[in-house]
Each structure stands twice: as C-alpha cells, then as structure tokens.
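Undergrad: What follows is each chain in one-letter form.
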Amino acid sequence: MPDLIIDGRPVRVPKGTPVIAAAESLGIVIPRFCWHPALGAAGACRMCAVMFLDGPVKGLEMSCMVPAADGMVVETFHPEAVTFRRRVVELLMANHPHDCPVCDEGGHCLLQDETISGGHALRRFPGRKRTYLDQDLGPFIQHEMNRCIHCYRCARFYQEYCGYLDFGPMQNANRVYFGRFASGPLESPFSGNLADICPTGTLTDKPGRYKSRRWDCQRAPSVCPHCSLGCATVALSRYREVVRVEARENPAVNGHFICDRGRYSFGYAASAERPRQARADGVPTSMSTALALAGTRLGGVVEAFGPEAVAVVGSARSSLETQTALTALARAGGWRGPAFFADRTEQQAVAAALAALAGGRARSLAEIGQADAVLCLGVSPLHDAPMLALSLRQAARAGAVVAVADPRPATLPLPFTHLPLAPDKLPGAAALLTGAEAADAAAIQRALPLSPELWPALERLAPAFAAAGNPVLVFAPALAAQAPADARFGLFPVLCGPNAAGAALVADADAPACDDLARAIEAGEVKGLVLAEADAAALSPRLAAALPGLETLVVLDHLPTPSFAAAKVFLPTQTLFESGGTLCNNEARLQYAAPVAPPGEPVSRDGRGGHPPRDYARKLPGTDPLPAAALCAVLALEMGLDMPALSFAAFTGVGPEDVAPEGTRATRLPAAPTAPAPPSAPPGQGLVVVRDDALFATDAYGRYAPLARAQAPAASVVRLHPDDAAGLGLADGEALTVTVGDRRIEATLAVSAAVARGAAVVPRLPGWAGLPAAIGPETLRRRQP
Amino acid sequence: MSLPDAVVAEIDGVIAAVEHHKREAAVDVMYALQRHYGYLCDEAMHYASKALDMTTLELESLATFYDYLYRRPVGRYVIHVCDSVVCWMFHQDSIFDYLCRKLGVPPGGTTEDGMFTVLPAACIGNCHNAPSMLINGRFYDRLTAERIDAVLAELRQSAEEPVRCK
Amino acid sequence: MQVETPLVLLKNRHLGRPATFEEYRAGGGYEALIATVGKRTPAEVLQLVLDADLRGRGGAGFPAGKKWQGIPAGYVGPRYVVVNTDEMEPGTFKDRILVNTDPHLVIEGIILCAYAVQATEGVCFIRPSYESDAVLIEEQSQVARDHGLLGDNILGSGFSFDIHVHRSAGRYICGEASAQIKAISGLRPNPRKGGPRTSVKGLWDCPTIVNNLETLANLPGIVRNGPDWFKSLARSAGGSGTKLFSVSGRISRPGCYELPIGTPLREILDHAGGMPPGRVLKAVIPGGASTPFMPDKYLDLEMDFEPMKRAGQRFGTASIMVFDQNTCLVGATLNLMEFFTRESCGWCTPCREGLPYVRHLLRLIEGGQGEEEHIGMIKDMAQAMRSAYCAFAPGAAEPLLSLFEYFEPEVREHLRQKRCPFGNPPPAMRGKACGTRPPTFGPTPCPEDQCPI
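Protein chains in written order, with our numbering: chain S, 2 to 786; chain W, 380 to 545; chain H, 34 to 486.
One thing to keep in mind: the hints can contain errors.
As the list claims (entries may be wrong) - With a Cα cut of at most 25 Å, we get these calculated BS3-like pairs of lysine-lysine:
no.	chain 1	residue 1	chain 2	residue 2
1	H	226	H	342
2	S	59	H	330
3	H	72	H	100
4	H	234	H	72
5	H	44	H	226
6	H	342	H	44
7	W	401	W	429
8	S	212	S	620
9	H	99	H	342
10	H	226	S	59
11	H	226	H	72
12	H	72	H	99
13	S	59	H	264
14	H	100	S	59
15	H	234	H	330
16	H	234	H	100
17	H	330	H	99
18	H	264	H	100
19	H	234	S	16
20	H	234	W	401
21	H	44	S	59
22	S	130	H	412
23	H	342	H	264
24	H	100	H	342
25	H	412	H	342
26	H	226	S	16
27	S	16	S	59
To be clear, the hints were calculated from the coordinates, so they are not data collected in a lab.
Since this is a predicted model, take the numbers as computed values, not measurements.
Bound conformation, chain S alone:
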C-alpha cells in the first residue's frame, strides 16, 4: 500500500495502482485519452503527463505508466506538465477537424473538454489538416476517421479486451488508420462499446446519430432487460423516444461495457407496433372503460364459477414490483397464481439454482473474470448471456482454463474447449470436472463411452479443474443438481429472463405453472385469465392453445404479442424505461432501473412536434400506459378487492430502500427445494430439441425491436451432428420443412461436428415453442420443391 502525495494531498492506494488512478481517488482527474480503467495504460496520447518532484521517478512522466510508489511527490499543475499537455492538445488539434457543431460527440467529447480546459483557443500551425476516407462499419458504429486522435483505445478494446481481429490499426506514422480490411459490419458482439470508449467523434453510435445532443436527452440509470445478467445501462430519451442506450459502470457486474444486444434492442419501447391504447373486445377504448370492463368481466367469472376460476400469469421479464403486485392481486381475489414459469420443473430448477447460491457460493460477472477455471454447463455464453463471454475472456487472458459443455455449437473470442454433449450427458461430464480429485482416463471413458473424440480434451481439463483454486461453474437451471458440494467452486447460474430470479423468489413453492393453468382451462376449472407482460405463445404453447377456452382474457402488456391480439380486454403498461422497476439478476442481485421518461408516442412519428404553429393544448399522444403494478391496484379497486400492501422485501429480504446503486443480493433465497432430476435421454428414438438464442431478436424484448430484428438471421437454421444428419438422410445446407403442431416452418439445415450427437438445435423463437422434447424424421423433412 504505497503512500504518496499528489498536489499536496497524501493518498494511500493499493500496490500497482497507476498514479492517474491514485489521483482520481482524490478527485483529481488528470487529463487522458488513451488510458481507460478497463484497458490500462498505453502511453500513446501523452496527455496525462505530470511532474514527479520526488521519489523513485523524477521529472515529467505519464501518470498512467507509472505505478504509485512510496515517497512520490506528484504535481499535476507543475508549469512544465501544463505546458507539455498544452502542446499535446495543440498537436492533436493540428489535424482534428473543427466540425464540432455537426459532430455527434460534440458536448460530451473528451477532446473538446481538454482543448477548452487546456486553453488551446488559437491555431498557430499553418499546415493543412490530414484527411481520410471512411468505411461503412455496419449498422451500429459510424466511422469518421478525420476526427481520430489515435489513442488506440478502440483497437485495444476490440482486439485485446474482446478478442476480435477484424478491426484495428493499419498503416504507420501520421497515416495510421483504424478500420477493417474492407467496409463491412463489425464482427464483435461488443462493438457498440466503441462509441462509448472513443474519446472523440471518430466512432459514434450510428442508430442514435443526429437524434439529439447528449445533454438534451433525458437520462437515467437503467438495467438491461435482454438477458439475466442485469448489466448496468444508461437510457437516453429524447422527444418521447429512447434514442440510445449506453453502458454504465457497475464494477460488480458488467464493469464498463455491455453487449450489442443490450445496447441496440431498446426499440420495442418506441416501436410503431407497440400497443399504447386500451382495447375492449379488440376495439380501442379509454383506459377507464377498459379497466371497468375488465373488472366486470372478471367479476362475472368469479360470480359464476368462484374465485378459483380466475388465474394470473406473469413472466420473467416483469419487474419485481409488477410480480409482487400480481401476487397481491391474486391473493386479494383468492385467484390462482400467479404463474411465472412454463412448468413446475422449470420453476423448481430456477429455485434450486438460486438455493445453491446460499453460503457465499454466488459469483458475480466481475468475479468470473478472476476465476482460474470455468466450466459452462448447458450454457452457450455468447448467446445465453453475451457479457459472460467477455468476462470469460478476461479470465482466459489471465490464464484461466475455460470449458463449455453444451450441445450447441459454441464460438467464443478466447481459447476454450467445447464439449458438445447432449443434455443427458452433461451431468456426467460435470461430475468429471467438478470432483475434488482429477478424474482419470478410465473414469472419463466410463462416463462418456460414446464420445471418444472428447476423451483427450477431458483428460487435459480434469487435472486443471482439480488443481484450480478459484473455479466457477456456470450452469443452466436445469442442471442445478450438478452444483458440486465442493465449496471451492463458485456458482453462476444463467437464467431464462431478466427477472427470472425475481419470479422464482416471488412465486409460492406450490404456485401453479402455466401448464397447470392450461390443464385447468382445458378442464373448465379456469374461465378468466389475467396475463401480465407475458406471451402465452412463447411461455407455454399449451397455455396459448387453451386460451380460446376462456370466458375472458385480460392482457396487460407493452409488446404486441399474439396474446395481445387474443385479449378480450387489453390494458397498456409502461416499459421499464417509463415506470422504472427492480430486477433480480442471475446471481440474485436486485438492481433498480430508474424511469427515464414518461410514456408517449414519439414526436418523430407523431409528426406534430415540428415547426410552430402547433397545438399546445392537445393531450400528448400515447400517454395512456400505466405501470403494470398500478393497473393491478386499479383493477382491484374496480372489483372491490382489498389488495394487501405487499413489498418485494417479503420475498427477497431486500426492500426497495435497501437496493444499493451497484445492486444488493437477495437475502432470502429459496430453501433448497428438491433439485429437479437431471435431464434424461428422451424415451425411444429421436433427437432432443435444444433451443439456441441468437445474439439478436430471440429475447422477449428484442423480438419487438426493429433494429435488433434487422440483425436477426434471415433464415431459421436447424443444426445437427453429421451422424444424425446422415441417419435422417439429410445433407448440410438442405432446405427443410419443420412441422410444429399444425404449422410448418421453413428452415435450412446446418451440419456440424460442434453439435452434440442426438441433439437438434433449433432457434429459441415462439414459433418453435410447440416442438416436442424429441423429434424425428416426421418433424424434419426435406422441403419438396
């Protein structure tokens, strides 16, 4: 713990802290361009020069390159340092265009700040400015090389931190150019961060381009709802439209970055298809009419069939506030539910996964970056939880061993071993790598007799995992039973929705699941259903199929799902951007997303916010939606129910007032329920259906975000192992017709040895939800021309 003095103030920092960070801990922000806490020192920009007056280093040095040491006396305002930094800005501005008025970075530009604060107001260099031609880097990042100050942040982030090699520096000297070999979309699923880390307007956010100045936006800290990790974001809204999402630093979760799914899937909130008005029997109506109708209809059901004939369904995408309100509503009415999961097995699995975290076994995303061995069991990091891949890369860069045991093909930007195994083989593989003793060759061959191609890899991995001091098991909830008793292993479940953990905490142990409700509807026991922010088709095909058997269906949502179309009464709800809310992530960490702007039809579409004269008196369009929790309360009022005052603290042990900015872990975890039986081989012949996410537009929100949807693969792909494809007489690239229930889906076959034998990998899309657990030749057929 070196002690040093910076600008006359003593400070003690951990060993290895660079002086620039030590100064920052005192609130002294030394100017910088290339230094970034996540990327470390590059020494390229020379902007952070300070004067070292005493100690082991003397003279003008870069504060990012020098680790703090005992006895250092540092002066950031020494005249020599100030002069030098002024020269650096002059040099950078010698070639930087004066296009700030039309630059999207203008106003939150580090170069602008340093130019102004450094007092560089007059250009004395008489030469011409250097110019470049730009590239098209795809839909997310706008390239303006003329503005580049060559801090190398982008290349270091893209290549070193993320591990992608299609973007980087070219040429030398004053011609250095950051780009791709040829124009084309950036390959990295983390490319959006380039806009955040670029200190000038060279790489800016393309979808948000020309939408607004950053300081004109309404901004609020938010939490990403596009997978279960709960990365911290900043939502920026302008003219009643979220125009941009940025990464927010949360050292315990996502660090400084987010993935492109989280950054570019916000469009569902302002989508033209978003239902913003209440409906009664499919006809737009006012909120109060619809609420009254919902009350009447549900009341009628209760009157005719008793309170047990009404059920409530919620989902893993709603906030804890909504889930709690649904529970309170159901309790007040004596109704069934709420059901949050497709079936009991899934609910138990998620509860078991959370229960396993007790006793300090939970690991955060940040802690995974420090693990020395990581096994991903039934989790495909880049698709199930993209930021997990970035943490795994940081672990791998520090020397960690990474293995992915999963039936789906896996690509990761790091050295790792993929063990493509069908779901029923995963428990066996897990046992080989999570034991206290390294499994020997005989044990490996016994456990996986039919996969000799994996034996050498497992023989390499087993001793590494046995020797690891800080290993982590990343697992899908279905494999919660495989969490080893060995306390060495940290645990990191990856769940099926942004608030799946919340749903599991809120749900009663004996709460019905969607399948149970579907059975009850089929049996005529349930006649009225409140479906809140849940799409029956995606959640439980059986429930979706049972909906027509209802007397009344009340849907609360902000997405135009098939259930919305089927609703008898529809009540529009607010999104997380509008209502705010608390989400519980995969490690049971509660985080609060603040509301950024009230709901409303975006001005860009409303078309009436343009040049005056305009009607100032009219009601703003699209402002009907209310928070789902508020709608529950009003509905209870309409029906004369006495809704209990319930806080999610009752379920999580952490109340709204206790949620810290970096999140707070739930203190009430499910009391170790019986872990679900591990996946077993399907009875009889057939291929186990394994669902695979894509980076974009397979999550509940992304499917309704136009920009995310535009990135989704154009054609659906079914993936098979070569042996299984041969068994079905199908070849790579063939056009297929897939029968799902009474529908046919067109797809293409991709054959790869990276798919587990015995597995059929299909997209996780609602249309595919109706596939049975195992399929065969009658489902996968060659498409007849």
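We have chain S; now place chains W and H onto it with these hints.
TA: Same frame as chain S, but now just chains W and H:
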C-alpha cells in the same frame, strides 16, 4: 486464378519452417505472394490469411506498416531511391527528379509499360557510395544522370512479363 | 600522420568478397568457441564479457553483459538471441560491411552469446535492403553447421543452438529491441515499454537477448584474448575495444573504418582522407540521425560513450556524417525530419503528430516562407518530442534542437533572405506521406503521387 504449385510449395515451406510460431512467417508469405503477383492484391491477402490463420485485417495492418510490401500495383522494377541525409547531400533531389522526369512518372508512380516504379526510400545503408538507389535488392552506387540512363536501359533489356492479379 | 591501429573486426577484409570459412579458421577463428563450448561454464563467458565492459554497438551503449544478466536465474524453457541487423539509422552501414567482410566472425559471436545465455534459437533480423547479407548469413551458417559448429550438439558438447534469418519488410522502428521482437512475432512493431524487460519476456514470451550484430562480433576476440586485451584496445580511459566508424558525406574517402574506441574525431576524419579539396568542415552528425549536430569545435573530442555524453553529445552508432560549409543545415535537418516523419510507428502523439508539425515548419523556412514565430514553434515542439513513448522522437529532437543551439543564425538567414541562402530550391512535397491502401479508402491519396508503399 489458382497459385502455381511452386508458389504454394514455397509458402508451405516458410510456414513449416516456423511451425510452432506460424505468425513469424507472415512477412515471408507476403513476400512470396508479392513476388508472384507483382504486388499484394486482395486475392493475395486472402490467400495469406488462410495460410497463416490470421485475419486479413491483421495482415493488412502489417502490409501497410512496412514499406517493402506493396498493396498497390508496382512496376516490374521498384526503384528505391535513397532520400536520407547523406544521399541528399549529394543532390539526391536532382537524381530523384531526373528519374521521375526520365520515366515520366510522379514520385511513387509507375511507368505506363509497367516496368518501373520510383519510390523514395529511407537510408538504404550505402552512404559511402552516395547517392545510391536500390532496385529489387541490388545497390546502384554513386549515381549520375549517365549511370541512371545506363541502368534503365540495361533493366529494360532483361525484363519479363510480370504476373498480375486479375 | 596516420597511425597503424590493430584491426580486430575487419582484419580479414578482402576487396570485393567476404572471407571464407577457411580464411577465418586460419586466423584463429572459432578457437574461442572450441575453447568455450563444453569447456567453460556459461557463467564464465558472461564474466569475461562483464569484465571486458563490452557496450552495445547499436546506439544506446548498454553493457552487453548486464543485459544478459537480466535473464531470470533458473528459467526453464526456450531462450532466444535476436541479432539486430536492422541498421536503418541514416549514415550507418557498418554492420553490412562487417557481415560482408567476415561472416564467420559474426556467426561465432552469435554462438558465444547463445552459449553464455544458454539460448536455443537465434534469429537474425535483417532489413530488406540487405538481402545479400541475409543470403550470405544463410549460406555461411550452413557451412558452420556442416563443421559441427552450429546446430544440434555443437562440437559434441551437448549444447544445441541454431540460427535462422528473419527478413524484415522495412521501417526504421524495427531496430528498437521490443519492436523487433514484435515484428518477428508477426505483430505491428510498436515498441513496448513498461512490463518485464525483453530479457525476461521477449520473443514468444520467453527470455530474449537482442544485441546489435557488431556487439556480438566482438565476442570471439574477448573470449580468446581476455577482457584486459579488449580494454587495452581503447584509446579513451574507461573505454573498451575497437569500433567500426561509418564515415560518409563530404569527406575524401567515405567508408567504414575500424579504429580504437575513443579515437578523436579529427583523426577519424584523417583516416577517411580529410575534407575534399576546397571544402571546409561545418559540422558532423557523430552517431547516426538520432544524434545532435556536432560543430567543429568538438574535433578533438574522444569518440566514446562517456566522453561524448559529458560533452552533451551522443556516440550513437558512430556513424559520422560530414557536412561542409556549403551544405545547408536547415535542409539537412528537414531531410532528417522527413525521414523520421515517414518512419514513425504512429503510436504516440509527440512522434506521430509532432514530427509532421516541425517538418512542415522547416519546409516553410527552407522554402523562404518562414516566419519568426516558426522558430519558437519548432523549439516548443522539439521539446515536447522529448517526452515521447520510446526513444524515436527524442532521437529526432536531437539534431533539431542542436540546429538551433549551434546554427540558429543560419536558420534566421533563411527568414531574412526569404530563400535558402545556399540556393537550394524550395522543398518539393517529395517523400510526402502517401497512402498504401487501395484508393477506395484510407488516407486520401495525394494528388501528386500514387505511392504504393
């Protein structure tokens, strides 16, 4: 256009020589392709990328860094005219100008017949024989206008048709 | 008045051809190796080199033995020797002369170094314009291999070491040790600072010794004749060995001369035949382009690391470029800045942006469009260039600052006459940074050139 067996064998050979550290062969592979194609066309870059398991961007960031790898077409003979300070002292300027005028090309330009490209070069390590130039690996010392004329004439005599990327 | 001095490195010099293996052997070549491999411990060889105070000949003058000591004791795994034959410092050609004089002296030196640090593999990093040297080293190392002096189990000692040539594709910055290692590794050769030294973590993350070729060529002599002999070769107190001086520019007999280290500049110039008739010395650059102009008042300065450092000068690569009274030093400095600007790796601001900045102003001054304020601007930026990432821009600042230190009146004469007083034409835009990409994107191609590099 597929590569002749001899070129493929040469590339495989340089990669095999550094098998544990394939990346070390990057420059040699690009040299081999450049000798074949005359310069590093996109096709050559894609071939090198596959042969070396490096992305085209990685190779591009090397090819464009170095001055003896050419990403644009050059002539059969690349004339590297030393323009460092000792040669400059011996009126390298006028020799450079003379070459450009003689060949009818701007600095960096290639003659219409595809024979010569004139490039300024950093000190080529022949200062005691200044002014000096380097053509395809050979030094030409103590240049004068007459000597340049003779060298160009000699090279024109021996030129073959270069292989070009289509 | 020439004094006969003993030749060590160039004693086998033949006109127009390198010495053969037999000629080298006949003069006692490889005796040092035979007496060493398997007979002395590596530590003993290292001690000889430390005692001889052999300093690096590549420019910085770091003691070779100290560098070798940087390898972590007890390290298990491959170790590398990288032989720096990049030699791109303008005015320097000694390594080329040396290889072409006595390739086996160089090869023996490399093997001795490898033995001392127990390296397994040697890489000769050779610049593209020295292709003939690359071929020569490849041929002659095969001869050495055929004689059992190189390769597996050298002289039956159980010590195995082999060398191969890595052909560079150009750029001055590759001469910097960490950049050279990156270049060999197929990475962009940006120098690396901070973190472990290359002797701890170098090529392929293994301990790596990067030495200049001339440095290693001194080893056979040191090992055979001892440190005291090596020290006795020097003329300066505290100096050691002989040195290859590349003499070029306005001098009667430009060439490479081997003279005792510490020989005063005046004598070196005499060896090179003195000034040509009618020419008067104005200044020299004593150690390659990264060293300051040395005006004639230093003619009697001992050419060695320490004496020159004390006089505020730099020994560098001992490449003496002679400028006479008719040569415009503004033009010469501009030429150097053109060189440095073009060769920068583009990593840090003072180098990437500072060099084009001063180059532009020097172009204006040399072309007669200079203004008084430009002088201050150049001085400002030259000062800023001293705080660059690596030694490249600070090296470029040396001649630039010395121009103003010793020859500012000459600069001002350009301003006063609004033209070059030596009659040089205004600098053309030659050597201008130009695009190397296909012209679809990248830097805007300059209209006057379509430079393919």
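Undergrad: Hint by hint, say whether it matches the structure.
TA: Comparing the hints with the structure gives:
no.: 1; hint: 226(H) to 342(H); result: 24 Å, holds
no.: 2; hint: 59(S) to 330(H); result: 33 Å, violated
no.: 3; hint: 72(H) to 100(H); result: 23 Å, holds
no.: 4; hint: 234(H) to 72(H); result: 29 Å, violated
no.: 5; hint: 44(H) to 226(H); result: 39 Å, violated
no.: 6; hint: 342(H) to 44(H); result: 30 Å, violated
no.: 7; hint: 401(W) to 429(W); result: 12 Å, holds
no.: 8; hint: 212(S) to 620(S); result: 24 Å, holds
no.: 9; hint: 99(H) to 342(H); result: 20 Å, holds
no.: 10; hint: 226(H) to 59(S); result: 17 Å, holds
no.: 11; hint: 226(H) to 72(H); result: 38 Å, violated
no.: 12; hint: 72(H) to 99(H); result: 23 Å, holds
no.: 13; hint: 59(S) to 264(H); result: 34 Å, violated
no.: 14; hint: 100(H) to 59(S); result: 24 Å, holds
no.: 15; hint: 234(H) to 330(H); result: 44 Å, violated
no.: 16; hint: 234(H) to 100(H); result: 13 Å, holds
no.: 17; hint: 330(H) to 99(H); result: 34 Å, violated
no.: 18; hint: 264(H) to 100(H); result: 19 Å, holds
no.: 19; hint: 234(H) to 16(S); result: 22 Å, holds
no.: 20; hint: 234(H) to 401(W); result: 19 Å, holds
no.: 21; hint: 44(H) to 59(S); result: 46 Å, violated
no.: 22; hint: 130(S) to 412(H); result: 21 Å, holds
no.: 23; hint: 342(H) to 264(H); result: 19 Å, holds
no.: 24; hint: 100(H) to 342(H); result: 21 Å, holds
no.: 25; hint: 412(H) to 342(H); result: 22 Å, holds
no.: 26; hint: 226(H) to 16(S); result: 19 Å, holds
no.: 27; hint: 16(S) to 59(S); result: 19 Å, holds
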